[in-house]
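Visitor: Sequence:
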Amino acid sequence: MAAVVNMESSERQDLLKGDNNKGDNHVGIFRFKAEDMTKLGYYYLSDDKYKVNGLHWSCSVKRFQDGQFQVALELLPNDNPLLKSCLLDFRVILLNTNTAINTTLVFESHRKLIVGRKHVGLESVLDWNILTDQKQGFVDANGKFILVLEIQKLREIKSDLKIIFIILMMMVFMLIVMTLLYRLDQTETSTLDNY
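Letter by letter, the sequence shown follows residues 17 to 211 of our numbering.
In short, the hints are calculated from the structure, not lab data.
One or more of the hints may lead you astray.
[As the list claims (entries may be wrong)] Calculated lysine to aspartate or glutamate pairs in the DMTMM-like style (CA-CA distance at most 25 Å, straight line): (1) 49 x 166; (2) 65 x 204; (3) 160 x 51; (4) 65 x 51; (5) 65 x 82.
All chains, please: the whole structure from these sequences, using the hints.
Guide: Structure, rendered in C-alpha coordinates:
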(Lines of atoms letter the chains of each structure in order from A; the text may use other names.)
(Lines give C-alpha, C1' and ligand atoms only; values in the text may rest on other atoms or scores of the structure.)
Protein backbone atom coordinates (compact mmCIF):
# COMPACT_ATOMS: atom_id res chain seq x y z
CA MET A 17 0.00 0.00 0.00
CA ALA A 18 1.04 3.59 -0.48
CA ALA A 19 2.91 5.61 2.06
CA VAL A 20 2.01 9.28 2.23
CA VAL A 21 5.24 11.26 2.29
CA ASN A 22 5.80 14.97 2.85
CA MET A 23 7.98 16.10 -0.01
CA GLU A 24 8.97 19.72 -0.38
CA SER A 25 8.75 21.37 -3.79
CA SER A 26 12.56 21.41 -4.07
CA GLU A 27 12.70 17.62 -3.49
CA ARG A 28 10.15 17.09 -6.25
CA GLN A 29 12.22 19.25 -8.60
CA ASP A 30 15.33 17.22 -7.73
CA LEU A 31 13.50 14.04 -8.70
CA LEU A 32 12.49 15.54 -12.03
CA LYS A 33 16.10 16.46 -12.87
CA GLY A 34 16.62 12.84 -13.91
CA ASP A 35 14.21 13.45 -16.78
CA ASN A 36 16.76 13.76 -19.58
CA ASN A 37 15.96 10.40 -21.24
CA LYS A 38 19.62 10.01 -22.27
CA GLY A 39 22.08 7.43 -21.03
CA ASP A 40 21.53 5.64 -17.74
CA ASN A 41 19.21 7.54 -15.41
CA HIS A 42 18.69 7.37 -11.68
CA VAL A 43 14.93 7.54 -12.20
CA GLY A 44 12.39 7.20 -14.97
CA ILE A 45 9.74 9.92 -15.30
CA PHE A 46 6.44 8.92 -16.91
CA ARG A 47 3.68 11.42 -17.71
CA PHE A 48 0.12 10.36 -18.43
CA LYS A 49 -2.85 12.45 -19.48
CA ALA A 50 -5.80 11.41 -17.34
CA GLU A 51 -8.48 12.38 -19.87
CA ASP A 52 -6.98 10.00 -22.48
CA MET A 53 -7.71 7.01 -20.24
CA THR A 54 -11.31 6.35 -21.13
CA LYS A 55 -11.27 2.53 -21.43
CA LEU A 56 -11.62 0.46 -18.27
CA GLY A 57 -9.41 -2.61 -17.92
CA TYR A 58 -6.97 -1.39 -20.57
CA TYR A 59 -3.25 -0.77 -20.02
CA TYR A 60 -2.11 2.66 -21.19
CA LEU A 61 1.61 2.35 -21.92
CA SER A 62 3.82 5.41 -21.72
CA ASP A 63 5.67 6.43 -24.88
CA ASP A 64 8.67 7.17 -22.67
CA LYS A 65 11.26 4.56 -21.93
CA TYR A 66 14.23 4.92 -19.67
CA LYS A 67 17.46 3.13 -19.02
CA VAL A 68 17.56 2.81 -15.24
CA ASN A 69 20.32 0.74 -13.62
CA GLY A 70 21.40 -0.55 -17.02
CA LEU A 71 18.01 -1.91 -18.14
CA HIS A 72 15.30 -0.39 -20.32
CA TRP A 73 11.94 0.22 -18.66
CA SER A 74 8.53 1.61 -19.43
CA CYS A 75 5.44 2.15 -17.32
CA SER A 76 1.71 1.75 -17.80
CA VAL A 77 -1.46 2.44 -15.88
CA LYS A 78 -4.82 0.71 -15.89
CA ARG A 79 -8.24 1.85 -14.69
CA PHE A 80 -10.58 -0.64 -13.07
CA GLN A 81 -14.36 -0.94 -13.00
CA ASP A 82 -14.41 -0.22 -9.25
CA GLY A 83 -12.73 3.17 -9.71
CA GLN A 84 -9.21 2.11 -8.71
CA PHE A 85 -6.16 2.36 -10.91
CA GLN A 86 -2.99 0.29 -11.07
CA VAL A 87 0.59 1.14 -11.96
CA ALA A 88 2.56 -1.47 -13.89
CA LEU A 89 6.24 -1.65 -14.79
CA GLU A 90 7.43 -3.15 -18.01
CA LEU A 91 10.90 -4.52 -18.60
CA LEU A 92 11.20 -4.06 -22.36
CA PRO A 93 12.21 -7.37 -24.03
CA ASN A 94 13.44 -5.87 -27.30
CA ASP A 95 15.75 -3.48 -25.44
CA ASN A 96 16.99 -6.13 -22.99
CA PRO A 97 17.59 -9.10 -25.34
CA LEU A 98 19.93 -11.11 -23.09
CA LEU A 99 17.87 -10.80 -19.94
CA LYS A 100 15.48 -13.52 -18.89
CA SER A 101 14.28 -12.03 -15.62
CA CYS A 102 15.39 -9.91 -12.70
CA LEU A 103 14.71 -9.37 -9.03
CA LEU A 104 14.36 -5.80 -7.92
CA ASP A 105 13.37 -3.45 -5.14
CA PHE A 106 11.76 -0.33 -6.50
CA ARG A 107 9.72 2.71 -5.62
CA VAL A 108 6.98 4.26 -7.68
CA ILE A 109 6.19 7.81 -6.67
CA LEU A 110 2.94 9.50 -7.65
CA LEU A 111 4.28 13.02 -7.67
CA ASN A 112 2.12 15.83 -6.39
CA THR A 113 2.49 18.69 -8.86
CA ASN A 114 0.78 21.31 -6.71
CA THR A 115 3.56 23.30 -5.01
CA ALA A 116 1.21 24.27 -2.18
CA ILE A 117 0.61 20.60 -1.25
CA ASN A 118 3.57 18.63 0.08
CA THR A 119 1.98 15.17 0.24
CA THR A 120 3.18 12.66 -2.32
CA LEU A 121 2.36 8.96 -2.53
CA VAL A 122 5.19 6.40 -2.52
CA PHE A 123 4.69 2.72 -3.33
CA GLU A 124 7.53 0.33 -2.53
CA SER A 125 7.77 -3.23 -3.72
CA HIS A 126 10.08 -6.20 -4.15
CA ARG A 127 9.23 -8.15 -7.27
CA LYS A 128 10.51 -10.64 -9.76
CA LEU A 129 10.01 -9.39 -13.29
CA ILE A 130 10.05 -11.84 -16.17
CA VAL A 131 10.80 -10.59 -19.66
CA GLY A 132 8.01 -11.40 -22.07
CA ARG A 133 5.28 -11.09 -19.45
CA LYS A 134 3.28 -8.09 -20.58
CA HIS A 135 3.08 -6.18 -17.30
CA VAL A 136 4.01 -6.65 -13.68
CA GLY A 137 1.97 -4.28 -11.60
CA LEU A 138 1.53 -2.94 -8.14
CA GLU A 139 -1.74 -3.50 -6.37
CA SER A 140 -4.48 -0.97 -7.03
CA VAL A 141 -2.87 2.30 -6.17
CA LEU A 142 -5.50 4.96 -5.64
CA ASP A 143 -9.09 5.85 -6.33
CA TRP A 144 -9.39 7.40 -9.81
CA ASN A 145 -11.60 10.23 -8.51
CA ILE A 146 -8.95 11.25 -5.97
CA LEU A 147 -6.24 11.12 -8.64
CA THR A 148 -8.15 13.33 -11.07
CA ASP A 149 -9.44 15.82 -8.47
CA GLN A 150 -7.47 19.05 -9.12
CA LYS A 151 -7.67 19.93 -5.40
CA GLN A 152 -5.61 16.83 -4.50
CA GLY A 153 -2.71 18.10 -6.61
CA PHE A 154 -1.80 14.91 -8.48
CA VAL A 155 -3.08 16.17 -11.82
CA ASP A 156 -1.56 19.38 -13.17
CA ALA A 157 -3.33 22.18 -15.06
CA ASN A 158 -2.90 20.20 -18.32
CA GLY A 159 -4.61 17.13 -16.84
CA LYS A 160 -1.36 15.16 -16.59
CA PHE A 161 -0.03 13.16 -13.68
CA ILE A 162 3.57 12.11 -13.15
CA LEU A 163 4.90 8.74 -12.01
CA VAL A 164 8.54 8.45 -10.98
CA LEU A 165 10.20 5.02 -11.11
CA GLU A 166 13.23 4.59 -8.89
CA ILE A 167 15.02 1.24 -8.88
CA GLN A 168 16.84 0.74 -5.61
CA LYS A 169 18.30 -2.77 -5.87
CA LEU A 170 18.54 -4.98 -8.90
CA ARG A 171 19.77 -8.48 -9.53
CA GLU A 172 19.77 -9.56 -13.13
CA ILE A 173 19.13 -13.15 -14.03
CA LYS A 174 20.72 -13.61 -17.43
CA SER A 175 19.51 -15.90 -20.15
CA ASP A 176 19.82 -19.66 -19.73
CA LEU A 177 22.63 -19.69 -22.33
CA LYS A 178 25.31 -19.95 -19.65
CA ILE A 179 23.58 -22.90 -18.02
CA ILE A 180 23.14 -24.63 -21.38
CA PHE A 181 26.81 -24.05 -22.19
CA ILE A 182 27.90 -25.56 -18.85
CA ILE A 183 25.67 -28.60 -19.37
CA LEU A 184 27.04 -29.11 -22.88
CA MET A 185 30.61 -28.87 -21.61
CA MET A 186 29.85 -31.45 -18.93
CA MET A 187 28.33 -33.76 -21.55
CA VAL A 188 31.41 -33.41 -23.77
CA PHE A 189 33.65 -34.16 -20.79
CA MET A 190 31.58 -37.26 -19.94
CA LEU A 191 31.77 -38.42 -23.56
CA ILE A 192 35.56 -38.06 -23.56
CA VAL A 193 35.85 -39.97 -20.26
CA MET A 194 33.56 -42.74 -21.54
CA THR A 195 35.54 -42.99 -24.78
CA LEU A 196 38.82 -43.25 -22.86
CA LEU A 197 37.39 -45.90 -20.54
CA TYR A 198 36.07 -47.87 -23.51
CA ARG A 199 39.47 -47.73 -25.24
CA LEU A 200 41.22 -48.74 -22.03
CA ASP A 201 38.82 -51.67 -21.68
CA GLN A 202 39.44 -52.66 -25.32
CA THR A 203 43.20 -52.51 -24.78
CA GLU A 204 42.96 -54.71 -21.67
CA THR A 205 40.72 -57.19 -23.50
CA SER A 206 43.09 -57.47 -26.45
CA THR A 207 46.07 -57.88 -24.09
CA LEU A 208 44.28 -60.72 -22.27
CA ASP A 209 43.39 -62.36 -25.60
CA ASN A 210 47.08 -62.44 -26.51
CA TYR A 211 47.88 -64.59 -23.44
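Visitor: Does each hint hold? Answer for all of them.
Guide: Here's how the hints hold up against the structure:
1. 49 x 166: holds, 21 Å
2. 65 x 204: violated, 67 Å
3. 160 x 51: holds, 8 Å
4. 65 x 51: holds, 21 Å
5. 65 x 82: Between residue 65 and residue 82 the Cα gap is close to 29 Å, so the pair fails against 25 Å, i.e. violated.
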